[in-house]
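Starting from the known structure of chain A, arrange chain B on it as the hints suggest.
2 protein chains.
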Amino acid sequence: MKTINFKPIGIIHSPFKKPEDMPIQPAAADGVYGSVELLPEYIEGLQDVNGFSHIYLIYHFHLSHDYNLKVIPFLDNTHRGLFSTRAPRRPNPIGLSIVKLVKIKENIIEIENVDIIDGTPLIDIKPYVPEMDAPENCKIGWLTNHRSEIKKLKSDKRFTK
Amino acid sequence: MKTINFKPIGIIHSPFKKPEDMPIQPAAADGVYGSVELLPEYIEGLQDVNGFSHIYLIYHFHLSHDYNLKVIPFLDNTHRGLFSTRAPRRPNPIGLSIVKLVKIKENIIEIENVDIIDGTPLIDIKPYVPEMDAPENCKIGWLTNHRSEIKKLKSDKRFTK
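Residue numbers (our numbering), protein chains in the order written: chain A, 1 to 161; chain B, 162 to 322.
If you are wondering where the hints come from, they were derived from the structure by calculation, not from laboratory data.
The structure displayed is predicted, hence computed values, not measured ones.
Careful: at least some of the hints might be erroneous.
[Stated by the list, open to error] With a Cα cut of at most 20 Å, we get these calculated EDC-like pairs of lysine to aspartate or glutamate:
1) A:Lys-70 - B:Glu-205
2) A:Lys-18 - A:Asp-118
3) B:Lys-231 - A:Asp-118
4) B:Lys-163 - A:Glu-131
5) A:Lys-7 - A:Glu-20
Next comes chain A alone, as it looks inside the complex (with noise of 0.2 Å):
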């Protein structure tokens, strides 16, 4: 199968210089805020985005180079299959996110719930619509037992910041 090559539309900006200095999953990116710097080349594709209050960011996991097959995903003690997980080493390193769309001035989107790492190279912008992205009746495997420590993080980070 032929190589796909994408071209990075803009970079992203955050507080989080260092992988370490990331929060481990984006519920606990709870106010913080960051930017995406579009190239100017696309402006006019950023039309009708302010009606939005939240947008998929598709991205580069740049710094990851490498990835098993098998990782001990954060929240848990046991070798989990890759897929399972959102880790960022994984055979194609894209990454995705929701965040909060704060406010669009020229080229530069303001954005909030932010878990990337700085200079951050972005692949793809698109809106977030609940009634095609948010399917009832989720399962969601190995970690159903952790479902309070997600919804803790999210908590403990609002009362940090």
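Below, chain B without anything else, positioned relative to chain A:
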């Protein structure tokens, strides 16, 4: 900025052989079955995935070779900024779908709610976790007045399948 090179990790199979057969958006793909054929070298990474009811598929819109920064989206008759739409013709033609996981057997993942064309190259699989992926109090911009149409479409499809 450097080009990003991804290598397909599998192929998505669906009943849709041509773009014109496709459901025009994911909510319209209720009850449509398909499968993911993962390259055998990645099988180990599928462990634990079967505990999740829904997974993200990230894939290459391989038939899309150009784009406009303003498009008239489905459900509308006004030009909208590309990044406020889910149109497949994008600067980086990358697709994102949440599908229902039916069953995994070796390297084959049977899936439901497939809005993807047959033969699409797969880039990544991630578990869908509502606690991380379903923000509340969302605004959906130009789609606001089309909410009922999104839901209606879903129903129409149910009646015809």
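Here's how the hints hold up against the structure:
no. : hint                  : verdict
1   : A:Lys-70 - B:Glu-205  : holds, 7 Å
2   : A:Lys-18 - A:Asp-118  : holds, 8 Å
3   : B:Lys-231 - A:Asp-118 : violated, 29 Å
4   : B:Lys-163 - A:Glu-131 : violated, 35 Å
5   : A:Lys-7 - A:Glu-20    : violated, 27 Å
The structure shown violates the earlier hints numbered 3, 4, 5.
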